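J.: Let's have the full structure, built from the sequences with the hints guiding it.
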Amino acid sequence: LLCVFSLQEVTASSRHYVDRLFDLDPQKVLQGVIDMKNAVIGNNKQKANLIVLGAVPRLLYLLQQETSSTELRTECAVVLGSLAMGTENNVKSLLDCHIIPALLQGLLSPDLKFIEACLRCLRTIFISPVTPEDLLYTDATVISHLMALLSRSRYTQEYICQIFSHCCKGPDHQTILFNHGAVQSIAHLLVSTSYKVRMQALKCFSVLAFENPQVSMTLVNVSVDGELLPQIFVKMLQRDKPIEMQLTSAKCLTSMCRAGAIRTDDPCIVLKTLPCLVRMCSKERLLEERVEGAETLAYLIETDVELQRIASITDHLIAMLADYFKYPSSVSAITDIKRLDHDLKHAHELRQAAFKLYASLGANDEDIRKKIIETENMMDRIVNGLSESSIKVRLAAVRCLHSLSRSVQQLRTSFQDHAVWKPLMKVLQNAPNEILVVASSTLCNLLLEFSPSKEPILESGAIELLCSLTQSENLALRVNGIWALMNMAFQAEQKIKSDILRGLSTEQLFQLLSDSDVNVLMKTLGLLRNLLSTRPHIDHIMSTHGKQIMQAVTLILEGEHNVEVKEQTLCILANIADGTTAKELIMTNDDILQKIKYYMSHSNAKLQLAAMFCISNLIWNEEEGSQERQDKLRDMGIVDILHKLSQSSDPNLCDK
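Numbering (UniProt numbering), first residue to last: 1 to 656.
None of these hints come from the bench; they were simulated from the model. It is possible that part of the hints are untrue.
In silico DSS-like cross-links for lysine-lysine, where the CA-CA straight-line distance does not exceed 27 Å [unchecked claim]:
1) Lys370 with Lys283
2) Lys283 with Lys272
3) Lys338 with Lys454
4) Lys371 with Lys338
5) Lys338 with Lys45
6) Lys547 with Lys597
7) Lys45 with Lys28
8) Lys235 with Lys345
9) Lys345 with Lys370
10) Lys495 with Lys426
11) Lys392 with Lys426
12) Lys326 with Lys426
Every value quoted in this text rests on a predicted model; they were computed, and no experiment measured them.
T.: As structure tokens, then:
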């Protein structure tokens, strides 16, 4: 009862505000809106009540009425903006009342104060995660009108840039803004006297240029007051500038560098951008800054060995990242209880960022990988990361493991000591595709013949798992599945080879050999070649699968394939020719013999050599039946071709 009573009491006082919006005297309505504005500032309960009582449709009606005074319309926009500042539910309610079209319509007014109030409200709504960005792009005229409003005042500049930077998600949005002249319109705002305008303009460029070569290439050549944009960005990187400005300009320069608009060895990257991002990783910085700094740095150095080396020796970065696992809060935040609570809740973001940066650092250089792995408890941290509840952390941990698994040394030592394959196999059970792709790539490396993990992985059901990956719709997964099987079959014992063939099934093998992707085809041929190595294995496999394998070989030699594919296929034939009983499958197949003869006279020397390997394996004198085989090949005219080839200008062909 008490509860109901107090609620009625609150709504009664709120109803009084709403009732005044319906007064017949415009002056009283205006006063009512102003009183409402003062009542809702910082009061979320009051905001919720007014929304429940239907204030929003009435405010929107007054805002759109031609008869309303400009002052009333402006105050309505201010109140709506204040309601939007509350909870996400408030924003949803405003969106349900179609607030966005009403505010966009308001931007056509001649009155600047009213325009600014509408823009401020739009800004608040668009920065909410519940607002779909596409609402900005439904009417093509909106963007060009916003571009035109940029020149009206520092407030229009600040709000419009903020709207753009929040609503620019992905290449389609970037293209729309770019085609509407965003680069030229926003560039001069970077030298505005207002810090807020400069900052919002900078944020705009960081989202416009992200993974966008077209924008990045344009930015390099734009100048403001005789200074090129990269130089302006470098000035904004300096240590005396606010942190968010340093970080955002570093993001702009990073995007431009990754797009190829700035060289990786340019001093503005090596001496300015990279050190600035390393500074952001220090434990003095706030959690968000450390996360963004590490993620941006990971992206900057991801594909460049030299930058990876420089970063690895800047400010003890590798040791500094170890703190990401220990101290979620910055030194300066320790006294702030609210901040500590926030940081504990978001500590997983730090772990994700650290794994990403370690992955980039260790992508190519053996010494860096060694340093990373020798960092305290590193392998344990990765193993823990593989089983975290956050999918982003799991993905980043797998990426990090994949990067480190490129090291022969580490596969033999740390990976073995920590039995990394166990959690990895667990990750591979029903994970989403993006994790599967990286995890299966890592498994490929763990299955190389020198990796001690190979045996236990086989015992834990890997063949079945990998065979199922080869049937995936996802190309990268098909490639990794077959690649891992190829590694597994290399110098393996006969039982493993038989298990692989059984697991794959003949249908699946043919499916893979007719895959439209040349990578899948090459890896499948690589698998066949590894299966058909060492005589007893060749004879055993050809006795059980000979007919199908010969069919597959014929299929490929007749198809439209590149030289590498044909060469790999002829090498498989040469392996079959090396078998004791398997040879007969070639000798009794005139079609295949004619194909070998054809490739001996081919225009490509690689194919000629591969065809001659087949012949030489068929004619060894000391092997049983060699005389009959030689006679048959002589009758086919092979000797004449060999005579001709012995005159070849290619020394390899000549020798063979």
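J.: Hints first: check each against the structure and report whether it holds.
T.: Tested hints:
| no. | hint | in the structure |
| --- | --- | --- |
| 1 | Lys370 with Lys283 | holds (23 Å) |
| 2 | Lys283 with Lys272 | holds (20 Å) |
| 3 | Lys338 with Lys454 | violated (49 Å) |
| 4 | Lys371 with Lys338 | violated (36 Å) |
| 5 | Lys338 with Lys45 | holds (22 Å) |
| 6 | Lys547 with Lys597 | holds (21 Å) |
| 7 | Lys45 with Lys28 | holds (24 Å) |
| 8 | Lys235 with Lys345 | violated (35 Å) |
| 9 | Lys345 with Lys370 | violated (32 Å) |
| 10 | Lys495 with Lys426 | holds (24 Å) |
| 11 | Lys392 with Lys426 | holds (16 Å) |
| 12 | Lys326 with Lys426 | holds (26 Å) |
Going down the numbered hints, you'll see the structure goes against 3, 4, 8 and 9, while the others check out.
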